[in-house]
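*Asks:* Chain by chain, the residues run as shown.
2 protein chains.
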Amino acid sequence: MSKPLNVAVLGATGAVGQEFLRLFTDRKFPVGELKLLASPRSAGVEIEHEGKKHVVEAVSAEAFHGVDVAFFSAGASRSREWAPAATEAGALVVDNSSAFRMHPDVPLVVPEVNWDAVKPTDKLIANPNCSAIIMLMAVAPLRKLGTIKRIIVSTYQSASGAGAAAMRELEEQTRTVLAGGEAKPEVFPHKYAFNLFSHNTAIGDNGYNEEENKVVEESRKILGMPELRINPTCVRVPVLRAHSESITVEFEGAAPCVECVRETLAASPGVRVVDDRANNVFPMPLDASGIEDVLVGRIRQDISDPNSLSLFVAGDQLLKGAAQNAVQIAERYFGLG
Amino acid sequence: MSKPLNVAVLGATGAVGQEFLRLFTDRKFPVGELKLLASPRSAGVEIEHEGKKHVVEAVSAEAFHGVDVAFFSAGASRSREWAPAATEAGALVVDNSSAFRMHPDVPLVVPEVNWDAVKPTDKLIANPNCSAIIMLMAVAPLRKLGTIKRIIVSTYQSASGAGAAAMRELEEQTRTVLAGGEAKPEVFPHKYAFNLFSHNTAIGDNGYNEEENKVVEESRKILGMPELRINPTCVRVPVLRAHSESITVEFEGAAPCVECVRETLAASPGVRVVDDRANNVFPMPLDASGIEDVLVGRIRQDISDPNSLSLFVAGDQLLKGAAQNAVQIAERYFGLG
Chain A
0 MSKPLNVAVL
10 GATGAVGQEF
20 LRLFTDRKFP
30 VGELKLLASP
40 RSAGVEIEHE
50 GKKHVVEAVS
60 AEAFHGVDVA
70 FFSAGASRSR
80 EWAPAATEAG
90 ALVVDNSSAF
100 RMHPDVPLVV
110 PEVNWDAVKP
120 TDKLIANPNC
130 SAIIMLMAVA
140 PLRKLGTIKR
150 IIVSTYQSAS
160 GAGAAAMREL
170 EEQTRTVLAG
180 GEAKPEVFPH
190 KYAFNLFSHN
200 TAIGDNGYNE
210 EENKVVEESR
220 KILGMPELRI
230 NPTCVRVPVL
240 RAHSESITVE
250 FEGAAPCVEC
260 VRETLAASPG
270 VRVVDDRANN
280 VFPMPLDASG
290 IEDVLVGRIR
300 QDISDPNSLS
310 LFVAGDQLLK
320 GAAQNAVQIA
330 ERYFGLG
Chain B
0 MSKPLNVAVL
10 GATGAVGQEF
20 LRLFTDRKFP
30 VGELKLLASP
40 RSAGVEIEHE
50 GKKHVVEAVS
60 AEAFHGVDVA
70 FFSAGASRSR
80 EWAPAATEAG
90 ALVVDNSSAF
100 RMHPDVPLVV
110 PEVNWDAVKP
120 TDKLIANPNC
130 SAIIMLMAVA
140 PLRKLGTIKR
150 IIVSTYQSAS
160 GAGAAAMREL
170 EEQTRTVLAG
180 GEAKPEVFPH
190 KYAFNLFSHN
200 TAIGDNGYNE
210 EENKVVEESR
220 KILGMPELRI
230 NPTCVRVPVL
240 RAHSESITVE
250 FEGAAPCVEC
260 VRETLAASPG
270 VRVVDDRANN
280 VFPMPLDASG
290 IEDVLVGRIR
300 QDISDPNSLS
310 LFVAGDQLLK
320 GAAQNAVQIA
330 ERYFGLG
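Here the protein sequences come in this chain order: A and B. Quick note on numbering: the first sequence equals residues 0 to 336 in numbering that gives the first Met the number 0. Quick note on numbering: the second sequence equals residues 0 to 336 in numbering that gives the first Met the number 0.
I should point out that these hints are in silico values taken from the structure, not numbers from a laboratory. You may find that some hints are simply not true.
What the hints assert, rightly or not - Derived DSS-like pairs: lysine-lysine, alpha-carbon spacing no greater than 25 Å straight-line:
| id | chain 1 | residue 1 | chain 2 | residue 2 |
| --- | --- | --- | --- | --- |
| 1 | B | K2 | B | K34 |
| 2 | B | K148 | A | K148 |
| 3 | B | K2 | A | K190 |
| 4 | B | K148 | B | K122 |
| 5 | B | K148 | B | K118 |
| 6 | A | K148 | A | K118 |
What the hints assert, rightly or not - Which residues of chain B face chain A? A partial, calculated answer using Cβ under 7 Å:
| id | residue |
| --- | --- |
| 7 | K34 |
| 8 | T146 |
| 9 | K148 |
| 10 | Y155 |
| 11 | R167 |
| 12 | V176 |
| 13 | S245 |
| 14 | R276 |
| 15 | F281 |
| 16 | D301 |
| 17 | R331 |
Source: prediction; values computed, not measured. Every residue gets a Cβ at the ideal spot worked out from N, C-alpha and C, and that includes glycine.
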């Protein structure tokens, strides 16, 4: 039995916050004292965890005293505001926001891919963008089979990436449309029921939106390949909580054989190969929802280029794309499991 | 006023069949006698068109006597069965199925792209696969700006591609799931509500499914580029009637400038550029539904390759992807409009 750790969750009432609590139980994370923190707006909310009622506290510097690990999932501005207080109080901060991801002194970590980026003295570790994590779970292991030169990825992203309100919006809008009413967008700028749209983050000068630029920059940092060529197209689809991605990977020289890729991925922790050509069973977001593994399939030699191969992945955005990856970081950091 | 044409629609009770009738009115197609044909199972159904009730007849060789143009949309096996009788009766057959598309003597036509493939003596013209049509509406005009070398495309395909029953299945399953029930797949092999899946056609030896292989082969035939390299990934998403596609086009040499592409596409018949970076408004299937133009946006220089550019399209699968393209073929053939 590991020594209990005092844990704080900032953003406890959000979609990712809820997953943290479930994961502490599922993964037997040795939670000592548990502090659920949120904005003053959500303070006072009661959340039950393992049979005990916890009252959500408004976040404050004092709240981090005695905390061993603080999971932040309340957006970039709140992370910027409270990370210094938490680390000064001695907590390890695992930050789910984009606030510090590209900071040169902050490790950006997918434990299965680049745990070596973490030093024991680090007090702040950034959890990557969900689309980047899910893509890299499938792509990073392929480095054993060849040198990756370029990645082309089109995403099929779920509502959960924009939080619990977005998930409710998808359900509510769909209910309205099925009843013959008209969808009224609130969380997203576009109608969502039976629709899809380009990721609703600002388009930069390069013509790519913020989500796409995150996928490029974060993947390069995680892989330690600052020049890697990546072309992402990020799209929101009417799915609740798992992201899917259509990925083409180009290698220096001939692409590795399909069977080699299948074997390598099947042996990769956190990856489950779902690639049943005979029965047409491949990764689907509904199958990926609520599970910890990232599903990978449609593994095939790209018929348009001998140096490329294509695959299709689905991973739970709230789990491996967010809370689970953060908990895994803490587990490794504290030498658990 | 054009001389009226006697018209038969085979598959009149299907999703595409219904669109034919609407298009005859919208496009003022000069319908003389109208024969609605279907399998014996659907014979006797009454369909109103322009204030007149038509009784659906069971298809037979005799039904084609006196018909000038027959639109076939009842699946490949029915097309194979009835096309000879219809052409022998003197009708022009515009066939929406895959039955004859790759036959070397049958023109496979997107009127805006390759009308020159049609000879006045042709009595059978094939209507291409919907995903191929919608992609080519955006890609074919780019040939004016450079030599296309390779296309990588990931699709976001709607229910309508599998017919009216599939559209109902998506709605019914979603209603069931929102009411707390469990989705029971019938038309598709997988759960569809708030889910997506790899296109449910058989996977060939090359690892690509039939839909993907159609996109490759048909696009090559339509463009007259038998060696064109194309890498498609076809995915069904929970959207009702418009297909979207994320496309990367590689050129011999540097990709044309974004503004040149925008201008060229804006001047292309049947294409509407929807590419508002400032307001994050790009092609969406809901906006493409029920309209004749294919929407194109997210036009950008591929940041991973100076020779490539990326774009995102959405087009109504039942209209330009099926019935409308077929009606346009007939209009051009008979010199209408």
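*Asks:* None of the hints should be skipped; say for each whether it holds.
*Replies:* Structure-based check of each hint:
For the suggested pair K2(B) and K34(B), the alpha carbons sit about 17 Å apart, so the restraint of at most 25 Å is met. Distance hint between K148(B) and K148(A) is fulfilled; the C-alpha atoms sit about 19 Å from each other, no more than 25 Å. Between K2(B) and K190(A), the direct Cα distance comes to roughly 44 Å. Violation of the 25 Å bound is thereby established for this hinted pair. A threshold of 25 Å between alpha carbons decides the hint, and for K148(B) with K122(B) the separation of about 33 Å lies outside it, so the pair is violated.
About 28 Å separates the Cα atoms of K148(B) and K118(B), which puts this hinted pair outside 25 Å; it is violated. As the CA atoms of K148(A) and K118(A) are separated by approximately 28 Å, the hinted pair breaks the 25 Å bound. The interface hint given for K34(B) is violated, since its Cβ lies 34 Å from the closest Cβ of chain A, which is over the 7 Å cut-off. The beta carbon of T146(B) comes no nearer than 15 Å to any beta carbon in chain A, farther than 7 Å, and the hint placing it at the interface is violated.
About 9 Å separates the beta-carbon of K148(B) from the nearest beta-carbon of chain A, more than 7 Å, and the hint is not met. A distance limit of 7 Å between C-beta atoms decides the matter here; for Y155(B) the minimum to chain A is near 6 Å, and the interface restraint holds. Among the interface hints, the one on R167(B) is violated; its C-beta lies about 12 Å from the nearest C-beta in chain A, farther than the 7 Å criterion. At a threshold of 7 Å, the smallest CB-CB gap from V176(B) to chain A is about 9 Å, leaving the interface hint violated.
Taken as an interface hint, S245(B) checks out: its beta carbon lies about 4 Å from the nearest beta carbon of chain A, inside 7 Å. Here the hint on R276(B) is kept, as its CB sits about 4 Å from the closest CB of chain A, short of 7 Å. A hinted interface residue such as F281(B) counts as satisfied when its beta carbon comes closer than 7 Å to some beta carbon of chain A; here the least separation is about 4 Å, so the hint holds. With 7 Å as the threshold, the beta carbon of D301(B) comes within range of chain A, its nearest partner Cβ sitting at about 5 Å, so the hint holds.
Annotation: interface hint on R331(B) violated; nearest CB of chain A at approximately 32 Å, more than 7 Å.
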